[in-house]
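So the protein sequences, as listed, match chains F and B. Position 43 of the first sequence, counting from 1, maps to 43 under my numbering, and the rest follow consecutively. Position 157 of the second sequence, counting from 1, maps to 157 under my numbering, and the rest follow consecutively.
The hints are simulated quantities; they were obtained by calculation from the structure and are not laboratory data. Hints are supplied without guarantee of correctness; some may be wrong.
[As the list claims (entries may be wrong)] With a straight-line cut-off of 35 Å between C-alpha atoms, the simulated DSBU-like cross-links for lysine-lysine are:
#1 B/Lys120 - F/Lys120
#2 F/Lys60 - F/Lys221
#3 F/Lys38 - B/Lys38
#4 B/Lys120 - F/Lys60
#5 F/Lys120 - B/Lys60
#6 B/Lys168 - F/Lys120
Protein chains: 2
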Amino acid sequence: MNVLHALRPPDLLTILNISLGFAAILLICESQSADMIKAAIIIIILAAVADGLDGFVARKTGSGPLGANLDSLADLLSFGAAPAFLVVVAFRLPHHIWPAAIFFLVCGALRLARFNISSKSDQLFEGLPIPAAGMALSSSILLGRPDLTVSLMIVLALLMVSSIPYPKIRDIRVLSIFGLLVAATFLAVFFQSNQLYTAILLGALIIMYLLSPVVILRLQKGK
Amino acid sequence: MNVLHALRPPDLLTILNISLGFAAILLICESQSADMIKAAIIIIILAAVADGLDGFVARKTGSGPLGANLDSLADLLSFGAAPAFLVVVAFRLPHHIWPAAIFFLVCGALRLARFNISSKSDQLFEGLPIPAAGMALSSSILLGRPDLTVSLMIVLALLMVSSIPYPKIRDIRVLSIFGLLVAATFLAVFFQSNQLYTAILLGALIIMYLLSPVVILRLQKGK
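The shape of chain F in the complex, shown without the other chains (with noise of 0.2 Å):
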C-alpha cells in the first residue's frame, strides 16, 4: 500500500502533533533552562490543540485508513513520553525515580492498545484519556514542585488504565474556551507576565475535567 495515497487531511494534523511532540524532546534536551522548559510545555499543549483539530477534521472529512493506528502512535509520544521526559530533566529526577517516569509511559501504552481494540462509546472514554494525562503532568510542572508532579504522574498513570468513565468534549464552545486559554499561556509564557495566573487557570480546567466522573457515576447511579 502506498503511504501517501493513504494519508488523508486529519492524517496531516497527526503529523503535526508527532513533530510538535518529539520536537518538545529534542528542545528540552538540548537547553535545560526555566525558559526552555515553558517553551516545551506550551509545544506539548498545541501538539493537544493538533490533536484535537484532528478529530474535529476526522469528524467533518472522514478517516482514511491510517487514522486511528497513527493517532495513537502520535499521542503516546506527545502525550506519553515528551511530558514524562519533561518532569525528569525539570526537577533533574534521581535515577530512583525514574521508575515512576516509566509506569506513566507504560500506563499510557497500555491505555492506547486497550482503546484501539474495544468497543466504542459516543459519549464515553473507558479510562483517563492520554492528551489530559499529558497536560496536567506537563502543566503541574509550572507549580515547581517535584513531590507533587512525581505524586499526580503515578494517579494520572492509574486513571489511563482504570476503567472510569470520561466524557468525550466535542461541544465547540468548550474546545473554543480551551483554545483561548491556550492561546493566553502562549502570550502570557512569550511575553514573560501573568503566566502563573494562566497556569492556575489550565489547571483549574483540567482539574474538572479529571474530577468530571464524579458527576457522571452520580448521573448514571440516578437513572
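Based on the hints, put chain B in the right spot on chain F.
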C-alpha cells in the same frame, strides 16, 4: 476492560521493550558522554532482543488482545524516537538538521500504522521493519561520521515507507547468531575492547538484511 487481566506473557516483553527504549532516552539526555552514547546503543539493541523474544513467545503461547497494538507503540518509541534522538544528541546536530530526525520518526510511525491495517504475508514484510531501521541507525553512530549517519537516517526512513519486500527472519539459527553477536557487542563495550570489530560484524549483518530485497525480487522474477 481490565488491562491487567488482558495482559499475556508476550505483552510483558513488550513492556520491557518500551521501558528500555525510554530508559535509553533518559540516559542519553542525562550524560551526553561517549560512554553513555555506547550504553544507549546497547540498550536499544537489548530492546530489539526483547521485541524478538516477544514475537517468539507470542507464536508459542498466542498473543492477547492488546498484543499487536502495544507492540507498535513500543516499537515507535524504542526504534523510532530513541535512535533518532540518539543521533541528534551524539553528533550535537544543529537545528536545521533536526527535520531529518523528525522525518525518520514520522516515516517509522507511517510504517507501523500501515502494518497494523494491511493484510499480512507469512514470509515478507512491506517496507523495512522499524526495529531493523532503528538498530542500523543506532549502530552507525559507532562509526563517528555524522554526515554518513544523517544520510543513512533519510535512506532508512524512505525504505520504511517503501513497498520493498523484506524477509521475516524467524529461523532459530539466524536468530541465535544475532543473539550471540549482541552478547559479544555487549561484552566488548562493557570491557572497552574490540568494539570496532563487533560493530563491523553487527553492521555487516544489518547491511545484508538491508540489501536482502535484491535477492527476493530476483527470485520472484525467476518464478
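Violating hint indices (sorted, rising): Of the numbered hints, all hold.
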